[in-house]
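Q: So the chains spell out like this:
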Amino acid sequence: MTPQINPFIIFFASIITSNMVLSNFLGMCSFISVSNEFKTASGLGKAVTLVMVFTTVINYVVYQYIVLPLGLEYLRYVVFIIVIAASVQIIELAMDRFLPELHIKLGIFLPLITVNCAILGISLFMVIRNYNFWQSLLFGLGSGLGWWLAISTLAAIREKTGKSKIPQGLVGPGLTFIIIGLMALAFMGFSGIFVIQ
Amino acid sequence: MGNNIKTVFYRNLWGENPVIRQILGICSALAVTNRTVNSLVMGVGLMFVTAFSSLTLSALREHIPDRIRMIVQTLVIAAYVIIVDIFIKANLPEISKALGPYVGLIITNCIIMGRAEAFARKNPPVISFFDGLFAGIGYTVILLGIALIREILGFGTVFGFNINFIDFTKWTIMVVPPGAFFMIAIFIWIAAGIQNRRLKKKEAK
Chain D
1 MTPQINPFII FFASIITSNM VLSNFLGMCS FISVSNEFKT ASGLGKAVTL VMVFTTVINY
61 VVYQYIVLPL GLEYLRYVVF IIVIAASVQI IELAMDRFLP ELHIKLGIFL PLITVNCAIL
121 GISLFMVIRN YNFWQSLLFG LGSGLGWWLA ISTLAAIREK TGKSKIPQGL VGPGLTFIII
181 GLMALAFMGF SGIFVIQ
Chain E
1001 MGNNIKTVFY RNLWGENPVI RQILGICSAL AVTNRTVNSL VMGVGLMFVT AFSSLTLSAL
1061 REHIPDRIRM IVQTLVIAAY VIIVDIFIKA NLPEISKALG PYVGLIITNC IIMGRAEAFA
1121 RKNPPVISFF DGLFAGIGYT VILLGIALIR EILGFGTVFG FNINFIDFTK WTIMVVPPGA
1181 FFMIAIFIWI AAGIQNRRLK KKEAK
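Line by line, the protein sequences give chains D and E.
Under our numbering, think of the first position of the first sequence as 1, with each following residue one higher.
Under our numbering, think of the first position of the second sequence as 1001, with each following residue one higher.
Think of the hints as simulated: they come from the structure by calculation, not from any bench.
As the structure is a prediction and not an experimental result, all values here were calculated from the model.
Note that beta-carbon positions come from the ideal geometry of N, C-alpha and C, so glycine has one too.
It is possible that some hints are incorrect.
Below are the DSS-like pairs computed for lysine-lysine, each with C-alpha atoms no more than 25 Å apart in a straight line [as the list claims (entries may be wrong)]:
#1 D:39 - D:165
#2 D:165 - E:1200
#3 D:165 - E:1201
#4 D:46 - D:165
#5 D:163 - E:1200
Here are some of the chain E residues that sit facing chain D, going by a computed Cβ distance under 8 Å [what the hints assert, rightly or not]:
#6 1023
#7 1082
#8 1110
#9 1130
#10 1145
#11 1148
#12 1149
#13 1176
#14 1178
Simulated coverage check for chain D against chain E, where a stretch passes if three residues somewhere in it have a Cβ under 8 Å from a Cβ of chain E [unchecked claim]:
#15 86-96
#16 162-173
#17 180-192
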């Protein structure tokens, strides 16, 4: 059943060694398309972290106390998607009401996040690995921070490569993937420090 | 451009190939390509989902209000993904374990949403069905190409069969995540290179 791992180990591992995007390939689409500019990338990273923590907690509660007792495991995809879409809406409304400045900064990213597969992926990993509440919470938070770290780093590197001379066929996505590959290698250097799964 | 089967076929397999030209559906393309068997199962699953969700959404296209079409699309896709997930779990339990959450993540795979938005919304059901099917084939072909290279170099096997009569040192980098990124970069590079050369030839004429 629930694996006996200290939640804090899960937290650090999901930032570094099992980074969502660099080792699990989740959230690639927006990772590639929104990493041209450091400022926007960092904004999206913040928004993803926020939504990820929220949805992981809500999905955990919904899954444990509604879906499981009713025996509706096969409907979990639909349930998770609806929860994610709804919580993105609620976060947007709440932000608009209470933190209008933050809403102006992050608002444009929120709808994008509904279809970010990292968010759904986190909830699915949580179910597959049987995490308990604290493990899920720190797993969501760590994964969000890891995603933020990765996209800001990539954007910072891409801003520099924009000015360099590279083969024509590599311009755009080709070079981006090579950069991501090198980043993934660098992050792999930490492996062995924390182990989860 | 007309919308007969031939142009749809060409467009989805090369001109607008979802993976290497539009850079869609990359998550799963990278995650499941360490073994050819996994990629094949994933590809066929995705083909099924794109084809039938395009068919369904196209048949319903006049009845879905524009405002809520995103959520309708997601629900239709989710329904087909559940079918695929249950099927794989029942018949191929080992592969289901290896694929992990990535079958469920077909729901948020941008290829399917992309086809539904760009094609099925405006075209009749039959041609939408083929459009979805060919987009799935375009995805599967690229996946198999990447997986074949990664599996041969990384494990020394093809579809799980040993080919160790050719003796060489296994490339560990092909098994780990960075290998996937480098392989897909090479594929994109080749595709972009060919396309650039064609464009130049056209301009020269």
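Q: Taking the hints in turn, state whether each one holds.
A: Consistency of the hints with the structure:
1. A threshold of 25 Å between alpha carbons decides the hint, and for residue 39 of chain D with residue 165 of chain D the separation of about 24 Å falls inside it, so the pair holds.
2. Between the alpha carbons of residue 165 of chain D and residue 1200 of chain E the distance comes to roughly 20 Å, so the proposed pair stays at or under 25 Å and holds.
3. Of the supplied pair hints, the one linking residue 165 of chain D and residue 1201 of chain E holds, its CA atoms being roughly 23 Å apart against a limit of 25 Å.
4. Between residue 46 of chain D and residue 165 of chain D, the direct Cα distance comes to roughly 32 Å. Violation of the 25 Å bound is thereby established for this hinted pair.
5. In summary, the hint linking residue 163 of chain D to residue 1200 of chain E is supported, as the alpha carbons are separated by about 24 Å, within the 25 Å threshold.
6. Residue-level restraint check for residue 1023 of chain E holds (minimum Cβ-Cβ distance to chain D is 5 Å; threshold 8 Å).
7. Taken as an interface hint, residue 1082 of chain E checks out: its beta carbon lies about 6 Å from the nearest beta carbon of chain D, inside 8 Å.
8. Here the hint on residue 1110 of chain E is kept, as its CB sits about 5 Å from the closest CB of chain D, short of 8 Å.
9. Using the Cβ-Cβ criterion of 8 Å, the hint placing residue 1130 of chain E at the interface with chain D is not satisfied: the shortest such distance is roughly 25 Å.
10. The interface hint given for residue 1145 of chain E is violated, since its Cβ lies 15 Å from the closest Cβ of chain D, which is over the 8 Å cut-off.
11. Using the Cβ-Cβ criterion of 8 Å, the hint placing residue 1148 of chain E at the interface with chain D is not satisfied: the shortest such distance is roughly 18 Å.
12. Among the interface hints, the one on residue 1149 of chain E is violated; its C-beta lies about 15 Å from the nearest C-beta in chain D, farther than the 8 Å criterion.
13. A distance limit of 8 Å between C-beta atoms decides the matter here; for residue 1176 of chain E the minimum to chain D is near 6 Å, and the interface restraint holds.
14. Hint on residue 1178 of chain E holds. Least Cβ distance to chain D is approximately 4 Å, under the 8 Å limit.
15. Restraint check on the region 86-96 of chain D versus chain E: 0 residues with Cβ-Cβ distances below 8 Å, three needed, restraint violated.
16. Look at the region 162-173 of chain D against chain E: 7 of its residues bring a Cβ nearer than 8 Å to a Cβ of that chain, three or more, so the hint holds.
17. Residues of the region 180-192 of chain D lying with their CB closer than 8 Å to a CB of chain E number 6, which satisfies the three-residue condition for coverage.
The structure fails hints 4, 9, 10, 11, 12 and 15 (numbered hints given earlier, in ascending order).
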